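**Q** Top line first, the protein sequences correspond to chains A and B.
Numbering (our numbering) for the first sequence: 1 to 112.
Numbering (our numbering) for the second sequence: 1001 to 1279.
What the hints contain is simulated information worked out from the structure, not anything from laboratory work.
Here the structure is a predicted model, which means the values were calculated and not measured.
If you only want the chain B side, here are some residues facing chain A, beta carbon under 10 angstroms, derived:
(1) S1103
(2) A1105
(3) E1191
From the three backbone atoms N, C-alpha and C, an ideal C-beta is built for every residue, glycine too.
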Amino acid sequence: MLLVIAYSRGARQTLRNVCRAHEDSVVRQFGRVALFDETEFGAFQALRLREKHDENVQIERTRPFNEFAAVSPEVREAAAAYESRETPSVPYEQFADGTDLPSTESMKGSPL
Amino acid sequence: MICRIGDVVRRGRVVSVKQDVDPTAVAAAVRADDTDPDAPVAVTAPSQTTVHEQVGCIHPGMGLRTRTALARAARTRGLTTPYDDQLQETRESLAALDMEDESTASYRRELAETTADIERLQEEVAAARGRLQARREQGLDTTAAAEELEDAIRRLSEAETSASAIRQQLDRTRAAARGRRDTRDRRLRLEDRVANLERRARAHLVDHLHEAFATTVPEVPVGEADTPPDGNAFETDAVTAALAIARLAVLSAPVVLDCDRFDSPVRAYEWLDAPVIYL
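All chains should be modelled from the sequences, with the hints used to inform the complete structure.
**A** Now the structure itself:
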């Protein structure tokens, strides 16, 4: 999908107008952020906004997230284990300390 | 004021214009800072306040944002609001924001082009490798084919090097763009805040003048063809509302009048208590 973010009042207004006029090409809209269909038409609308508002419009391309393909099992298991912890107030670092769970630092240093 | 239309020059607080001129052109001349000696209409008069934009030119067919005009009229009477200090502070913070632009588009384009080159060159390398292999298997001379392969590999490696340089440059500009977006975020928040404060200030000012406006509207002289206003003062016609607001405002710049509401230009001047250019 195409992630479109408005950074000015004018750009936000145009984004809202575009979303209203082309509901079928808009996957989601939150305030000044919208997700457009990944079609040429979605790109056309995003580029129109960029043309009109220049750098006040940010366009990024998102891709579907498959945690079973993109993420190692250790990280998935760590998330599951941490969310089922018995003491809610324990920070993850402490929770992972002395276990096989990956550390915050090691995860930060490993791009997907 | 001094009002010149064509070759005719008139002076005084009340100027009556006999020629057929566009009222908006006269109003524009009132608002202009410099008088152009060659312009068909020129007016030298005290400078206008913002309310002049709304009620400085009153003619049938005019539009009027009544609440905005009324709020601005309130300002000419020296009215302030509890939001003014905050408004000024927020406007100052907004003006102090340093916004600079550097587009990342050129890098994106270069990277896309180089990536396409790389794909094409990879195919060339594969083809050259295939040709060399074939000649070798057939026991033919491989000198030329080996040179071709070497050449293709060299061009591919060059393209990869430049792609990597462009990618790094793009990463750097992207990081800088992220920083600038933080500034844009701040600006948007400040702009929203200004708009919000302006709305509240306007409501405050309108509240203050609401009653005076409601009593003035029925006092506005009506022309023969006009229906006298009744009911909600905010729903009255634009000319009537504009006249009422012009009367409530303290105006030093002349009001251009092109409406059939007063017996004489002097009567209009007296009623509005403002200099008048009467068309």
